[in-house]
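Undergrad: Make the complex out of the two chains shown on their own, each in a separate frame, by following the hints.
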Amino acid sequence: MKIRKLTTLTMLLSISIILNIIEPVIPIPAMGVKLGLANILSILALYMYGSKEFIMINFLRVFMSHLLRGSLFSVGFFLSSSGVLLSTLVLLLVFPYKKFSVFGISMVSATMHSIGQLGMVCFIYQSIYIMNYLPIMLILSMISGIMLGVIIKRVLRILRVDYE
Amino acid sequence: MNKYDKGYMFIVIIMAISVYVAFFFFIDNTNQNNKQAIVEYKGKEVLRIDLTIDGQYVVSGTLGDVVIEVQDQQIRVTKETSNYHLCSYQGFVSNNAIPIICLPNDIVITIVSNESNVDTVIS
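Which chain is which? The protein sequence lines are L and B, in order.
Sequential numbering from 4 applies to the first sequence in the numbering used here.
Sequential numbering from 75 applies to the second sequence in the numbering used here.
These aren't lab readings, by the way, just hints derived from the structure by calculation.
A quick note: this is a predicted structure, and the numbers were derived from the prediction, not measured.
Accuracy of the hints is not assured; some may be wrong.
Far from chain L by the CB rule (all over 10 Å, computed), these chain B residues [stated by the list, open to error]:
| hint | residue |
| --- | --- |
| 1 | GLN110 |
| 2 | GLU119 |
| 3 | LEU121 |
| 4 | ASP124 |
| 5 | VAL141 |
| 6 | ASP146 |
| 7 | ARG150 |
| 8 | SER168 |
Derived lysine-lysine pairs resembling PhoX-like cross-links, with alpha carbons at most 25 Å apart [what the hints assert, rightly or not]:
| hint | chain 1 | residue 1 | chain 2 | residue 2 |
| --- | --- | --- | --- | --- |
| 9 | L | LYS102 | B | LYS80 |
| 10 | L | LYS101 | L | LYS55 |
| 11 | B | LYS77 | L | LYS156 |
Beta-carbon label-pair distances, calculated as ranges [unchecked claim]:
| hint | chain 1 | residue 1 | chain 2 | residue 2 | range |
| --- | --- | --- | --- | --- | --- |
| 12 | L | ARG160 | B | GLU119 | 53 to 61 Å |
| 13 | B | GLY165 | L | SER77 | 22 to 30 Å |
| 14 | L | THR13 | B | ASP124 | 51 to 59 Å |
| 15 | L | LYS101 | B | ARG122 | 54 to 62 Å |
| 16 | L | PHE76 | B | GLY138 | 17 to 25 Å |
| 17 | L | LYS101 | B | GLY165 | 39 to 47 Å |
| 18 | L | PRO99 | B | PHE166 | 47 to 55 Å |
| 19 | B | GLU143 | L | ILE131 | 21 to 29 Å |
| 20 | L | ILE131 | B | ILE127 | 26 to 34 Å |
| 21 | B | ALA96 | L | GLN129 | 15 to 23 Å |
Just so you know, even glycine gets a beta-carbon here, dropped at the ideal spot from N, CA and C.
Just chain B, same shape as in the assembly (with noise of 0.2 Å):
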């Protein structure tokens, strides 16, 4: 291994961190306990979940249903036709920087705090 290729991962290993860091500060902590969950098939919104309310929905994906869980304003796919399961085996997911991907399926499960509802008014 010469200087070059040193040079690059030193280069990758900073752009890593560097991206790490930047999404460590995107994450929206604010509204911990007020989040609803978007399920989206082919970029269009199918369903909207209260992540404060325990559940189980079934939503249409390409290649047949897909199970989704809500448990304790957390929310998971528990059962969906593909070739790796990858989405299933991602488990729980409670952060709004971490989306459920499932690609055989054309679904995406993304987090974002409910900013309807105001928790408290400070006045």
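One chain only, chain L, in its complex shape (with noise of 0.2 Å):
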């Protein structure tokens, strides 16, 4: 590996546990909402290098964020775990035929997520009842979705990333 593909894959991935880490002081007006923040940065490595650096930034941000915060194999640890896990699964099913634009990869990414997420919560507390609120995700993240495809077009343009 390069010394600047290493360096640049080190920034991204300490980005997103940075953003991982602050994003709950965000305030959201919907209960269990966030931003995903910390999805740019793995979009980013994807658009970037490929899938290979794709998942390594997504599972060792989960790792190293939980880590960090001392919730490591905690029940927010399997929540975060399942939603990158079915995101970035679907992404890397979809990415390579190239039909979505930024846009479209940043809101599949964002409602698997939220799927993959409320999905592990069912099987958790065996309860189909938690399902009532994807409805209100599947919205909210695919708004996100856009919102952060919106920067990663942007970022992408300024770093002379080819990304259509």
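TA: Right under this line is the structure:
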């Protein structure tokens, strides 16, 4: 791995960990909803380097942020992991076809995070009722996906990375 | 935003509406005045509360005591130890389809209809 690539990936990972940790401070009127700012960095890694680096940033981010918070292998850790796992798998399936734009990729990632996390809550508590919250989560994550898409597109343009 | 993005948006909106509609019909509103709340800790029932009687209850969660209040056939968590206090902020719940879930304390409160009591018998 070249030094430049290694440094960039380290920076992307560290920024995503910091965003993941400070994100709950940002007030959102809906309960349990986050903006998913850390997603920006993993999608940047996907466009800049490819799927291997994308997987690496995604999973290391979840692991490191929970390790730093002291909540490793807690319920929250498994929720984050399930969201990341589903969104990573779906993105790896849709990204190679180049059908979606940056906005689409960001939306897919955000919505799959929500579905994965709610699915995990259902599994842990053996209750389907939490899926009642899915419509709100889906609509809000779609909106946040579009917002993050704007940021990702801008950053990719500044970094002169081909995103079309 | 291209046509595939818009298509995905459309699918997500349809999915959200269908889940909403499915749960709307799934909610059991037949027995409004005879409800009970089941409090579970780590998946095991620890307390069953009659929602017709107002009062305060305390159950032990993973991070400490969870204080539950019943008022006007509604239930809420008033005090608990957690990072973001999401279940306290949720407020009163009286709907069968909406549980109160306090993840850090492994506490789940669900409302069920009390089927053992019969309101009216039509013969």
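Undergrad: Each of the hints needs a verdict: does it hold here or not?
TA: Each hint, compared with the structure:
Distance check for GLN110/B against chain L: the nearest CB is about 15 Å away, which clears 10 Å, and the non-interface claim stands. Under the 10 Å C-beta cut-off, the non-interface status given to GLU119/B relative to chain L holds; the minimum distance is some 12 Å. The claim that LEU121/B lies off the interface holds: its Cβ sits roughly 16 Å from the closest Cβ of chain L, which is beyond the 10 Å cut-off. No beta-carbon of chain L comes within 10 Å of the beta-carbon of ASP124/B; the shortest separation is about 20 Å.
Every CB of chain L lies more than 10 Å from the CB of VAL141/B, the least distance being 19 Å, so the non-interface label holds. With a least CB separation of 22 Å from chain L, ASP146/B remains clear of the 10 Å interface cut-off, as annotated. The non-interface label for ARG150/B is consistent with chain L: the shortest C-beta to C-beta separation is roughly 13 Å, beyond 10 Å. The claim that SER168/B is not at the interface with chain L holds, since no C-beta of that chain comes within 10 Å of its own (minimum 14 Å).
Our distance criterion of 25 Å between C-alpha atoms is met by LYS102/L and LYS80/B, whose separation comes to about 11 Å. Simply put, LYS101/L and LYS55/L have alpha-carbon atoms about 17 Å apart, close enough for the 25 Å limit, and the pair holds. About 17 Å separates the Cα atoms of LYS77/B and LYS156/L, which keeps this hinted pair within 25 Å; it holds. Evaluation of the 53 to 61 Å hint for ARG160/L and GLU119/B yields a pass: the beta carbon distance comes to about 56 Å.
At roughly 25 Å, the beta carbons of GLY165/B and SER77/L sit within the given window of 22 to 30 Å. Roughly 57 Å separates the CB atoms of THR13/L and ASP124/B, a value that falls within the hinted 51 to 59 Å. Checked against the hint of 54 to 62 Å, the C-beta distance between LYS101/L and ARG122/B comes to roughly 55 Å, which is consistent with it. Remark: the range hint 17 to 25 Å for PHE76/L to GLY138/B is upheld by a beta-carbon distance near 20 Å.
Range check, LYS101/L to GLY165/B: Cβ separation about 46 Å, and the 39 to 47 Å hint holds. PRO99/L and PHE166/B have their C-beta atoms about 48 Å apart, which keeps the hinted 47 to 55 Å range intact. Remark: the range hint 21 to 29 Å for GLU143/B to ILE131/L is upheld by a beta-carbon distance near 26 Å. For the pair ILE131/L and ILE127/B, the beta carbons lie near 28 Å from each other, so the given range of 26 to 34 Å is met.
Checked against the hint of 15 to 23 Å, the C-beta distance between ALA96/B and GLN129/L comes to roughly 19 Å, which is consistent with it.
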